[in-house]
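Undergrad: Add chain E to chain V, keeping to what the hints say.
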Amino acid sequence: MSETVKVPTMAEYMAEGKQPEVLFWVGCAGSFDDRAKKITKAFVKLLHNANVDFAVLGTEESCTGDPAKRAGNEFLFQMQAVTNIEVMNAYEIKKVVTACPHCFNTIKNEYPSLGGEYEVMHHTQFLKSLLDEGRLTVEGGKFKGKRITFHDPCYLGRANNVYEAPRDLLKKLEVELIEMKRCKRNGLCCGAGGAQMFKEPEPGNKDVNIERTEDALETKPDIIAAGCPFCNTMMTDGVKNKEKEDSIEVLDVAELIANAQDL
Amino acid sequence: MQYIPNILFVIALVAGIGYFTKNIRKVIRNIRLGKDVDRSDNKGARWKNMAMIALGQSKMVRRPIAGILHIVVYLGFIIINLEVLEIIIDGIFGTHRVFAPLGSFYDFLIGSFEILALLVLVSVVLFWIRRNVINIRRFKTLKGWPKNDGNIILYFEVVLMTLFLTMNAADLQLQAIGAEHYIKAGAYPVSQYISPLFGGVSEGSLIILERTAWWLHILGILVFLNYLYFSKHLHILLAFPNTFFADLKPKGEFDNLEAVTKEVMLMMDPNADPFAAPAEDEEAGEPEKFGASDVMDLNWAQLLNSYTCTECGRCTSECPANQTGKKLSPRKIMMDTRDRLQEVGANIDKNGSFVDDGKQLLNDYITAEELWACTSCNACVEACPVSISPLSIIMDMRRYLVMEQSAAPSDLNNMMSNIENNGAPWPFNQMDRLNWSNE
Numbered sequence: 001m002s003e004t005v006k007v008p009t010m011a012e013y014m015a016e017g018k019q020p021e022v023l024f025w026v027g028c029a030g031s032f033d034d035r036a037k038k039i040t041k042a043f044v045k046l047l048h049n050a051n052v053d054f055a056v057l058g059t060e061e062s063c064t065g066d067p068a069k070r071a072g073n074e075f076l077f078q079m080q081a082v083t084n085i086e087v088m089n090a091y092e093i094k095k096v097v098t099a100c101p102h103c104f105n106t107i108k109n110e111y112p113s114l115g116g117e118y119e120v121m122h123h124t125q126f127l128k129s130l131l132d133e134g135r136l137t138v139e140g141g142k143f144k145g146k147r148i149t150f151h152d153p154c155y156l157g158r159a160n161n162v163y164e165a166p167r168d169l170l171k172k173l174e175v176e177l178i179e180m181k182r183c184k185r186n187g188l189c190c191g192a193g194g195a196q197m198f199k200e201p202e203p204g205n206k207d208v209n210i211e212r213t214e215d216a217l218e219t220k221p222d223i224i225a226a227g228c229p230f231c232n233t234m235m236t237d238g239v240k241n242k243e244k245e246d247s248i249e250v251l252d253v254a255e256l257i258a259n260a261q262d263l
Numbered sequence: 264m265q266y267i268p269n270i271l272f273v274i275a276l277v278a279g280i281g282y283f284t285k286n287i288r289k290v291i292r293n294i295r296l297g298k299d300v301d302r303s304d305n306k307g308a309r310w311k312n313m314a315m316i317a318l319g320q321s322k323m324v325r326r327p328i329a330g331i332l333h334i335v336v337y338l339g340f341i342i343i344n345l346e347v348l349e350i351i352i353d354g355i356f357g358t359h360r361v362f363a364p365l366g367s368f369y370d371f372l373i374g375s376f377e378i379l380a381l382l383v384l385v386s387v388v389l390f391w392i393r394r395n396v397i398n399i400r401r402f403k404t405l406k407g408w409p410k411n412d413g414n415i416i417l418y419f420e421v422v423l424m425t426l427f428l429t430m431n432a433a434d435l436q437l438q439a440i441g442a443e444h445y446i447k448a449g450a451y452p453v454s455q456y457i458s459p460l461f462g463g464v465s466e467g468s469l470i471i472l473e474r475t476a477w478w479l480h481i482l483g484i485l486v487f488l489n490y491l492y493f494s495k496h497l498h499i500l501l502a503f504p505n506t507f508f509a510d511l512k513p514k515g516e517f518d519n520l521e522a523v524t525k526e527v528m529l530m531m532d533p534n535a536d537p538f539a540a541p542a543e544d545e546e547a548g549e550p551e552k553f554g555a556s557d558v559m560d561l562n563w564a565q566l567l568n569s570y571t572c573t574e575c576g577r578c579t580s581e582c583p584a585n586q587t588g589k590k591l592s593p594r595k596i597m598m599d600t601r602d603r604l605q606e607v608g609a610n611i612d613k614n615g616s617f618v619d620d621g622k623q624l625l626n627d628y629i630t631a632e633e634l635w636a637c638t639s640c641n642a643c644v645e646a647c648p649v650s651i652s653p654l655s656i657i658m659d660m661r662r663y664l665v666m667e668q669s670a671a672p673s674d675l676n677n678m679m680s681n682i683e684n685n686g687a688p689w690p691f692n693q694m695d696r697l698n699w700s701n702e
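Top line first, the protein sequences correspond to chains V and E.
With the working numbering as the guide, the letters of the first sequence map in order to residues 1 to 263.
With the working numbering as the guide, the letters of the second sequence map in order to residues 264 to 702.
Bound-form chain E, shown alone:
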């Protein structure tokens, strides 16, 4: 009977990690629905990007208030999670504060966890005020689930940090009254001020309090872990691969579609026989679709972008089109892409493979009006703290509109036919191109 807590703990741990793994595999499968793109070059620059941008938070601090608060929560998250290691070992083997023999280093660790926990609590409260009280447009424009999601994450943090400090406060009190099993270990710079609240409480009640806080804390962590998949909070994991696999080219360089290059080279080749039957070694597949109308037409890095987006809205707040009241919001482009990808994933879960549901990313999620409002200025790409490119998705969808549907705004059709006919976006004769020198 004495092993029941250990067994329950292992069951909770396995179930929590198991369900999370199952969902992460879904994320990976969904990302792989995207087209191939080579992001394996220049490993040195990629590691550096990841170290600077994800690990080092270099782009977060461009907005100092949010940036510094974020660093506190981020450091708190990483460092306090060292404590989880001890909790797991204690849980499995029925020990208590197994790292206590580290002595003064243990005191230092627990002490810094407590201070960080307090700082996290303060930051999270400030975050909540920024999201719900202060009139910050990029948060105010979030409605429904995305708004709730942001708040739920903050509530989770508050609960977890409070449980952690409560657990330590009860433990400290138990240490003080010399309860069996509760060895004297750790420094408690924060919970020592909570501990006196439990002054007159009996040893039995204190143990119940300490154990309850301990269990709720670890179960809370497991629930939070599994919440990630359903939430924008997935960025705490995906920011790392996303910055690693980010596009390293200059921001102004848009990819040249290879399928188009093939066609163009054929058209330009004077020896090409326009009536030739396809060579035998050529694959007689479906003709390639140009541009993107659905998530499967995007590349895997763009789909990884969509799962990484944490909906902070820095992109949208920098977007010139959005600032001047146009419908375009780069954040919405990323959220729509993820929502559609999740829908496609659920479709595959249900049917084994994707069955046409009569919907697509274009029109059902993102409208042409949004796409045509973009000035391709790269402000959104520059603003993203985790190297997401909403612009590349906008461009791929424009390509579909123009090359597959001939659905460009008529002004643009005029511009394009001018280029086609006389080599300039305006109706001037190419032969007049040097006239300026004599005017």
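One chain only, chain V, in its complex shape:
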């Protein structure tokens, strides 16, 4: 994608003396990872489409500290958290939406006791609320009737008990939603969590993402839907490893909705 999308920053809003409806927390993957950037753009298109008054922190955003905390570096985590909280509190942020379950979990659960209290939503929850309010329309379009399986991100599902929002959105796409044998609270990890994304796996006989991709392939899907940029990478790698990348796409829920409408 090479088109420019209009993305207002909090600083711009502040300069105009305005407050957006919601802060879109882009996250490191959403900002820098080539694959995840597409998810970010798809979500922004949906926000524009639904006339959501949003802003991003842009260069004032920094890593939430999640991978540092899960790696055991509580110092670095809290330094990141306190810095981010200072920025968000200065802008008097009330509501945050993010397309990354790790950012979602950290800001929602671990920032409050450090002084950062916001209403935090995962983008699938936010899109669902837009849908319920009638601000967003979701149509099947080109995905109508396709076989789709949803991989639950650990930090959205088990960690925060959000299982239905992404599924509700997928059902609206009029797709054939097929569950893997391990789903929802029994969903198997993609292998990226707990800072594993940033290291080589410990010695074993298989990679976790391959195990999980096999779960997904059992459902004979046309598309594997994800709700996390890291799961997306892991599942995409898994599909490539199985040499199925020509027949199976791994797409974020936001991408599916945006693409269905050719946004």
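It is worth saying that the hints were derived from the structure and are not from the lab.
Hints are not guaranteed to be accurate.
In silico BS3-like cross-links for lysine-lysine, where the CA-CA straight-line distance does not exceed 27 Å [what the hints assert, rightly or not]: (1) Lys206(V) to Lys403(E); (2) Lys298(E) to Lys512(E); (3) Lys590(E) to Lys181(V); (4) Lys181(V) to Lys322(E); (5) Lys403(E) to Lys181(V); (6) Lys206(V) to Lys525(E); (7) Lys184(V) to Lys590(E); (8) Lys525(E) to Lys94(V).
What you are looking at is a predicted structure, and each value in this text was computed from that prediction instead of being measured.
TA: This is chain E only, laid out in the frame that chain V set:
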């Protein structure tokens, strides 16, 4: 002379309960070696957890076969133990079937005990087959004491239930021949089929048989009670406090270390004087240790977790790292924690207070390789039928490795220095964070 059985009974009872109490006090002392953590909030949710998860077995039935068999044994255990009350009263006062005047209700009670006893026997046999014959990985991977422990518990149950039914069968036969002291009472839906085996036996022999079964049954119960302390079977008691004191926060929320918050706030405070002498009211204690390398660094709820674990292995069977051949097993994390805690407890028993034994939980029990295999996915926490969190121990030990020893894998060190220097786990400039919008 006629009071000798009563006296022997009281001695056995006092000795059995006394030794058990002594060991339970040790368990409580050992749990208290842990750091403080507040689990006194939201009592309503805590009682509800205990009622649903421990009393109601709600998480056990997520695996229906094991779950239903477990409920049978659990109900049998609780309900048949009502009988123990009668046995104790009879034993102390030399009465026989003291509750018999309850009449038809007594018949109902004894009848249901017998049916439950039979169901327990069947379940226990099935459990034994699952553990020793069928190829179930979470049981097959148990070796040595943990494997024997599981089987010994099943043998105990078989012996106790058999003694109970034998006692009733002999009693029924004695009732039939009108032996003195053996009043006609109770319904015997199971032992009535055993009783004919004793058809031609003399009254004297029947009494010996009935008394032997009665004595072995109650002594067996006392021995079993005292076996708990040495066994994974302690869960029958600790499942209740453990579910009550379980972490109520969302599973994704890891605690923010307060000692770190203090340091971070000081670093962020522009008015803080870095060269200031500590204020006088500040305690000049040892600097706080970050994370856990031994059991004393864990909190008491984590130590209670370790005593509650009954080594069922549901956590390990759900663990993505374990399933893909990594060394990590959440069950082993819990078993190691308990083993080390018992070792520390024995050290305190011997020396009065803990004397450094040159060992610790980290490396001597749990290796860094195990800890680094975890994806923090919470599958183990979700799987545990009694609300144990192996993940919280793994995280506390990672904290020690990273913050006290700087012993993170080098890839993670790169990730962390990226976050420190440019606010992202990858080496991208923070100033480029919004570039995606123009690409």
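Undergrad: Each of the hints needs a verdict: does it hold here or not?
TA: Hints and how they fare:
Between Lys206(V) and Lys403(E), the direct Cα distance comes to roughly 21 Å. Compliance with the 27 Å bound is thereby established for this hinted pair. Distance restraint check for Lys298(E) and Lys512(E): the Cα-Cα separation of roughly 19 Å lies within the 27 Å cut-off, and the hinted pair is therefore satisfied. With a C-alpha separation of about 25 Å, the suggested pair Lys590(E) and Lys181(V) falls inside the 27 Å cut-off, and the hint holds. Distance check on the hinted pair: Lys181(V) and Lys322(E) sit about 19 Å apart at the alpha-carbon level, within 27 Å; holds.
Of the supplied pair hints, the one linking Lys403(E) and Lys181(V) holds, its CA atoms being roughly 24 Å apart against a limit of 27 Å. Between the alpha carbons of Lys206(V) and Lys525(E) the distance comes to roughly 42 Å, so the proposed pair goes past 27 Å and is violated. Between Lys184(V) and Lys590(E) the alpha-carbon distance is near 26 Å, which keeps this suggested pair within the 27 Å criterion. With a CA separation close to 26 Å, the supplied pair Lys525(E) and Lys94(V) stays within the 27 Å bound.
Comparing the model with each numbered hint stated earlier shows that hint 6 is the single one that does not hold.
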